[in-house]
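Colleague: Listed in order, the protein sequences are those of chains Z and D. Its first residue numbered 1, the first sequence is counted upward by one per residue in the working numbering. Its first residue numbered 1, the second sequence is counted upward by one per residue in the working numbering.
A portion of the hints provided could be inaccurate.
Label pairs and their computed distance ranges (CB to CB) [stated by the list, open to error]:
| id | chain 1 | residue 1 | chain 2 | residue 2 | range |
| --- | --- | --- | --- | --- | --- |
| 1 | D | N261 | Z | A71 | 53 to 59 Å |
| 2 | Z | Y83 | D | S267 | 34 to 40 Å |
| 3 | Z | D271 | D | G265 | 57 to 63 Å |
| 4 | Z | E141 | D | P126 | 46 to 52 Å |
| 5 | Z | P139 | D | P126 | 47 to 53 Å |
| 6 | Z | D271 | D | S282 | 40 to 46 Å |
| 7 | Z | M60 | D | S267 | 32 to 38 Å |
| 8 | D | G265 | Z | G80 | 53 to 59 Å |
| 9 | Z | D271 | D | R103 | 35 to 41 Å |
| 10 | D | G60 | Z | T142 | 21 to 27 Å |
| 11 | D | G60 | Z | S17 | 51 to 57 Å |
| 12 | D | E223 | Z | K248 | 24 to 30 Å |
| 13 | D | D136 | Z | D12 | 42 to 48 Å |
| 14 | D | L73 | Z | T64 | 46 to 52 Å |
If you are wondering where the hints come from, they were derived from the structure by calculation, not from laboratory data. By construction, the Cβ of each residue, glycine as well, lies at the ideal position given by its N, Cα and C atoms.
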Amino acid sequence: MTTVHVTDLVKDYSIRSGLRRRRLRAVDHVSLDLVPGRTVALVGESGSGKSTIAKILTRMEKPTSGTVEVALDDGTPVRGPMYLRQVQMVFQDPFASLNPFHSIEHHIARPLLIHERTRTAAQTHERVLEMLERVNLTPAETIAPRRPHELSGGQRQRVAIARALAPGAQVLIADEPVSMLDVSIRLGVLNLLGRLQREDRLAVLYITHDLATARHFSDEIVVLYRGRVVERGPADAVILDPHHDYTKLLAQAAPDPERGPERVTAEAVIDRDAIDNSVCYDHFLGEWVQAGTPAARGARAGRAGQPA
Amino acid sequence: MTSTVQAPAATAARGATPGAVLTVEDLSVVYEVDPPVTAVRGASLTLRRGEILGLAGESGCGKTTLAYAVNRLHRPPARVASGRITFHDVGGDDVDVLALGDRELRAFRWNKLSMVFQGAMNALNPVTTVRAQLADTLRTHRPGLSRAAVHARSRDVLERVGVDPARLTSYPHELSGGMRQRVMIAMAMLLEPQIMIMDEPTTALDVVVQREILREIVRLRDELDFAVMFITHDLPLLLEISNRIAVMLDGEIVELDTAANLLAGASHPYTRKLLGSFPSLSGERGGFIRSGVDETEEDQA
Numbered sequence: 001m002t003t004v005h006v007t008d009l010v011k012d013y014s015i016r017s018g019l020r021r022r023r024l025r026a027v028d029h030v031s032l033d034l035v036p037g038r039t040v041a042l043v044g045e046s047g048s049g050k051s052t053i054a055k056i057l058t059r060m061e062k063p064t065s066g067t068v069e070v071a072l073d074d075g076t077p078v079r080g081p082m083y084l085r086q087v088q089m090v091f092q093d094p095f096a097s098l099n100p101f102h103s104i105e106h107h108i109a110r111p112l113l114i115h116e117r118t119r120t121a122a123q124t125h126e127r128v129l130e131m132l133e134r135v136n137l138t139p140a141e142t143i144a145p146r147r148p149h150e151l152s153g154g155q156r157q158r159v160a161i162a163r164a165l166a167p168g169a170q171v172l173i174a175d176e177p178v179s180m181l182d183v184s185i186r187l188g189v190l191n192l193l194g195r196l197q198r199e200d201r202l203a204v205l206y207i208t209h210d211l212a213t214a215r216h217f218s219d220e221i222v223v224l225y226r227g228r229v230v231e232r233g234p235a236d237a238v239i240l241d242p243h244h245d246y247t248k249l250l251a252q253a254a255p256d257p258e259r260g261p262e263r264v265t266a267e268a269v270i271d272r273d274a275i276d277n278s279v280c281y282d283h284f285l286g287e288w289v290q291a292g293t294p295a296a297r298g299a300r301a302g303r304a305g306q307p308a
Numbered sequence: 001m002t003s004t005v006q007a008p009a010a011t012a013a014r015g016a017t018p019g020a021v022l023t024v025e026d027l028s029v030v031y032e033v034d035p036p037v038t039a040v041r042g043a044s045l046t047l048r049r050g051e052i053l054g055l056a057g058e059s060g061c062g063k064t065t066l067a068y069a070v071n072r073l074h075r076p077p078a079r080v081a082s083g084r085i086t087f088h089d090v091g092g093d094d095v096d097v098l099a100l101g102d103r104e105l106r107a108f109r110w111n112k113l114s115m116v117f118q119g120a121m122n123a124l125n126p127v128t129t130v131r132a133q134l135a136d137t138l139r140t141h142r143p144g145l146s147r148a149a150v151h152a153r154s155r156d157v158l159e160r161v162g163v164d165p166a167r168l169t170s171y172p173h174e175l176s177g178g179m180r181q182r183v184m185i186a187m188a189m190l191l192e193p194q195i196m197i198m199d200e201p202t203t204a205l206d207v208v209v210q211r212e213i214l215r216e217i218v219r220l221r222d223e224l225d226f227a228v229m230f231i232t233h234d235l236p237l238l239l240e241i242s243n244r245i246a247v248m249l250d251g252e253i254v255e256l257d258t259a260a261n262l263l264a265g266a267s268h269p270y271t272r273k274l275l276g277s278f279p280s281l282s283g284e285r286g287g288f289i290r291s292g293v294d295e296t297e298e299d300q301a
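This is chain Z alone, in the form it adopts within the complex (with noise of 0.2 Å):
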């Protein structure tokens, strides 16, 4: 079992116009922790800093300052090539994610050999079933001799579940995992991870910006606003009973059947342009913080741990 613990992450990218440079922030101070057992959904808009975090994450870009801190149950840091062994990722597009040259059993053992999880070719054809198996995809002998294209949306990103599990990651990081699914099948999919999470205690960071999933999928969401967290506490409360504007917005804008076609012109609208990122609501302290700015120390001791 694996713990993060994400501390005041900041990411700055260099954009040229022209011959003038400007510096983006795109993640601003984001502290966090994933821990075994819980699953963190992480919702915002385009552009918020999401998919960064993600990438960060999985050491796909350096961050610019901030910390993310992996260590085992007995405390040992998890460092180097041991890393990508614990925390791994599931794209948004199973259609992009696989390669279509190879067959899904390719896909399942090459993590499998890299991380020297198996040795003889027996023994990876075997695990290799296992897996698939694992993510309900059965008869497992038919499935893996195939390629992508064989494969439904829905059958293609259970590959790479069981791929991304295959090193033996403890950690799961889900960059939209569902929203290039037909509707009916994307539940199952979620199904899916949270069955796997329960049976292996994994920590799993949702990211997304379907909230009604984010609310039933997850025990605590972070809502993130042009990089910065503007609102965090228990997937409920943060939706049922939201503090910060951005995060009433979200919520007004989510689809919600219960309300007819006389709330869609009726309700009040917030003005974006006023929103301010620079506060933050935490539930779990239930009170205001500040955004953008380094973690006060005693912020972690008041969530980590917190029962599932």
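Chain Z is fixed; fit chain D onto it per the hints.
Modeller: Frame of chain Z; chain D shown alone:
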């Protein structure tokens, strides 16, 4: 309005409902590939004046194909194999859409019925300004208009959809995704059509922007009383904004009912499955996801 439609409707379209602006009867569309694919199978629906009719379904169910058929946009290998599409003009005339000749079709499209395409953000011409694209439409369909009138009308539609008329001189790449979508909607309502077909108009947008645009569509509908055929896979969204919803599965309309009735108790198992795919935002916390895993649900995916 309804009384003017009723009299000729009796002669032209069989069983046209009072207040209908479009009647689709037993429409089938076949893609003549090997083997032929029937993308729409015997679809019948009526669009009423001023109504928002939702068309829900998953990818490949034929909802876009149906919309294209209503607009006569199909080219081989797609072929309208059977059925009738009747447009009931506000003046009382009925138009058999499938029988229109080339010139009549050009006059009919956009004038009576316009469409906001899927991925409308990319449907704008990148090398000309918004002004030129709006003016082009106006000059083609309203050749008598003066330059000043064209300009005034262009400004007017942009204002209606909530875009600053100063943006007329902008190129599409200078606008955000939401703004481009609004410009597309402005273009679709330029000639004050009686029907607007919107094919996934908000799918690529953020929820907040999506909400702003939906609000705009509903407000414009209330103001101008056009009918909207709204195509999307997002059933909760449809339940919220539409009057009636048609659910498509494998080319067939399996259920067509008012939004309230669907929400209260859908009769078709597929509709119930679709409804069950969306956890409720504000309702009971769904134990079905977190607690016991529904294995059958997983297997179907």
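Colleague: Against each hint, give a clear statement of whether it holds in the structure.
Modeller: Status of each hint after checking the structure:
no., hint, verdict
1, D:N261 / Z:A71: 53 to 59 Å, "holds, 55 Å"
2, Z:Y83 / D:S267: 34 to 40 Å, "violated, 53 Å"
3, Z:D271 / D:G265: 57 to 63 Å, "violated, 39 Å"
4, Z:E141 / D:P126: 46 to 52 Å, "holds, 50 Å"
5, Z:P139 / D:P126: 47 to 53 Å, "holds, 49 Å"
6, Z:D271 / D:S282: 40 to 46 Å, "violated, 23 Å"
7, Z:M60 / D:S267: 32 to 38 Å, "violated, 48 Å"
8, D:G265 / Z:G80: 53 to 59 Å, "holds, 58 Å"
9, Z:D271 / D:R103: 35 to 41 Å, "violated, 49 Å"
10, D:G60 / Z:T142: 21 to 27 Å, "holds, 23 Å"
11, D:G60 / Z:S17: 51 to 57 Å, "violated, 42 Å"
12, D:E223 / Z:K248: 24 to 30 Å, "holds, 27 Å"
13, D:D136 / Z:D12: 42 to 48 Å, "holds, 43 Å"
14, D:L73 / Z:T64: 46 to 52 Å, "holds, 49 Å"
In the structure shown, a violation is registered for the earlier hints numbered 2, 3, 6, 7, 9, 11, in ascending order.
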